[in-house]
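Put together the whole structure using the sequences plus the hints.
2 protein chains.
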Amino acid sequence: MLHRMYEGQVCSVARALEIVGERWTLLILRDALLGVRRFDDFQASLGIARNVLTDRLARLVEAGVLEKRAYSERPPRHEYRLTDKGRDLWPVVHALVTWGDRHEAPDGPPRVFLHRGCGGAVDDHRCCERCGAALEVRDVETVPGPGAPA
Amino acid sequence: MLHRMYEGQVCSVARALEIVGERWTLLILRDALLGVRRFDDFQASLGIARNVLTDRLARLVEAGVLEKRAYSERPPRHEYRLTDKGRDLWPVVHALVTWGDRHEAPDGPPRVFLHRGCGGAVDDHRCCERCGAALEVRDVETVPGPGAPA
Numbered sequence: 249m250l251h252r253m254y255e256g257q258v259c260s261v262a263r264a265l266e267i268v269g270e271r272w273t274l275l276i277l278r279d280a281l282l283g284v285r286r287f288d289d290f291q292a293s294l295g296i297a298r299n300v301l302t303d304r305l306a307r308l309v310e311a312g313v314l315e316k317r318a319y320s321e322r323p324p325r326h327e328y329r330l331t332d333k334g335r336d337l338w339p340v341v342h343a344l345v346t347w348g349d350r351h352e353a354p355d356g357p358p359r360v361f362l363h364r365g366c367g368g369a370v371d372d373h374r375c376c377e378r379c380g381a382a383l384e385v386r387d388v389e390t391v392p393g394p395g396a397p398a
Numbered sequence: 249m250l251h252r253m254y255e256g257q258v259c260s261v262a263r264a265l266e267i268v269g270e271r272w273t274l275l276i277l278r279d280a281l282l283g284v285r286r287f288d289d290f291q292a293s294l295g296i297a298r299n300v301l302t303d304r305l306a307r308l309v310e311a312g313v314l315e316k317r318a319y320s321e322r323p324p325r326h327e328y329r330l331t332d333k334g335r336d337l338w339p340v341v342h343a344l345v346t347w348g349d350r351h352e353a354p355d356g357p358p359r360v361f362l363h364r365g366c367g368g369a370v371d372d373h374r375c376c377e378r379c380g381a382a383l384e385v386r387d388v389e390t391v392p393g394p395g396a397p398a
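Chains as they are written, first to last, in the numbering used here: chain A, 249 to 398; chain B, 249 to 398.
It is worth saying that the hints were derived from the structure and are not from the lab.
Glycine included, each C-beta is placed from N, C-alpha and C at the ideal position.
Among the hints, a few may not be true.
Stated by the list, open to error - Now the in silico label distances, taken between C-beta atoms and shown as ranges:
1) E384/B with P323/A: 39 to 45 Å
2) N299/B with R322/A: 37 to 43 Å
3) E321/A with D355/B: 41 to 47 Å
4) F287/B with R386/A: 53 to 59 Å
5) D289/A with P392/B: 25 to 31 Å
6) A396/B with D332/A: 24 to 30 Å
7) D355/B with D332/A: 34 to 40 Å
Unchecked claim - From the derived model, a few chain A residues whose C-beta atoms are all more than 12 Å from chain B:
8) R278
9) G295
10) R298
11) Y319
12) S320
Printed below as a string of structure tokens:
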């Protein structure tokens with residue numbers, strides 16, 4: 249966990265930011281929500297220094313957001329999986345995506361979220377524009393949007 | 249604006265974090281959404297160093313999230329008001345509140361959000377639990393919750 253910057257603040261935003269309020273951390277969570285699990289894949293996706301990534305992953309494990317799980321014994325290898333507490337951060341990442349798409353994506357959204365199976369777009373309340381269902385992260389798939397790199 | 253840490257990332261989360269991805273910044277926005285407008289009120293609420301607050305407010309003005317507006321000519325005084333782009337960050341703050349309330353508020357939510365006029369609680373899709381309306385920030389009021397300081 250990050251050191252407690254906001255001791256005096258009885259506020260759930262401040263408490264949430266103690267855990268996720270660091271810019272790389274939210275990008276690590278974005279990748280985890282997109283299915284990335286392994287150190288080298290996070291590293292390749294983010295271009296982050298390995299020692300910084302090691303530190304951020306350890307903090308997220310300590311905070312109960314990620315779980316470290318062995319997927320091979322010989323050689324010993326592990327991966328990082330979202331816990332339920334981690335998956336519950338999807339609304340934060342989705343809200344950041346939505347705002348970035350609206351205000352900071354001159355070429356259009358790099359990535360589009362769709363209601364899996366239904367195909368409707370996900371609106372900014374995380375509901376399906378086609379069928380109206382309130383969506384959880386497991387109900388959503390993502391495809392490249394008009395602003396995706398060529 | 250913060251320096252661009254994520255040059256290689258064509259991603260709306262990364263672009264959003266270039267602007268709001270600093271812990272104090274999201275707490276400044278929380279306060280602004282709660283109606284705080286004046287430097288001294290932000291300072292008293294946050295307990296942040298004045299030079300840091302000056303810097304963060306200037307970045308938010310530069311990014312078009314806050315607008316600096318004179319409210320007195322003699323003596324010259326100004327305040328910081330959210331722009332539409334700034335109000336559009338409400339879903340980010342709400343998602344952080346919701347997650348913090350669920351996972352980091354052992355005494356219960358310090359603050360509760362209600363549908364103004366209706367009185368229904370705001371669910372985690374920013375819809376009213378009583379009437380089902382999809383809520384914008386102007387539709388919401390906040391009252392102290394069970395976890396509020398005594």
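These are the hints, each one checked on the structure:
1. One distance hint, 39 to 45 Å for the beta-carbon pair E384/B and P323/A, is violated here, with the actual separation near 53 Å.
2. Between N299/B and R322/A the CB atoms are about 55 Å apart, so this pair departs from the stated range of 37 to 43 Å.
3. The supplied range of 41 to 47 Å is met by E321/A and D355/B, whose beta-carbon atoms lie about 43 Å from each other.
4. Look at F287/B against R386/A: about 44 Å separates their beta carbons, and that is not inside 53 to 59 Å.
5. Between D289/A and P392/B the C-beta distance comes to about 44 Å, which lies outside the given range of 25 to 31 Å.
6. Checking the proposed 24 to 30 Å range against A396/B and D332/A shows it holds: the Cβ atoms sit about 27 Å from each other.
7. For the hinted restraint 34 to 40 Å between D355/B and D332/A, the CB-CB distance of approximately 21 Å leaves it violated.
8. The non-interface label for R278/A is inconsistent with chain B: the shortest C-beta to C-beta separation is roughly 5 Å, within 12 Å.
9. Consistency note on G295/A: stated as away from chain B, yet its beta-carbon is not over 12 Å from all of that chain's, at 6 Å minimum.
10. A cut-off of 12 Å between C-beta atoms confirms that R298/A is not in contact with chain B; the least separation is 16 Å.
11. Distance check for Y319/A against chain B: the nearest CB is about 26 Å away, which clears 12 Å, and the non-interface claim stands.
12. Taking the minimum C-beta to C-beta distance to chain B, about 30 Å, the non-interface status of S320/A holds against the 12 Å cut.
When held up to the earlier numbered hints, the structure conflicts with 1, 2, 4, 5, 7, 8 and 9 and fits the remainder.
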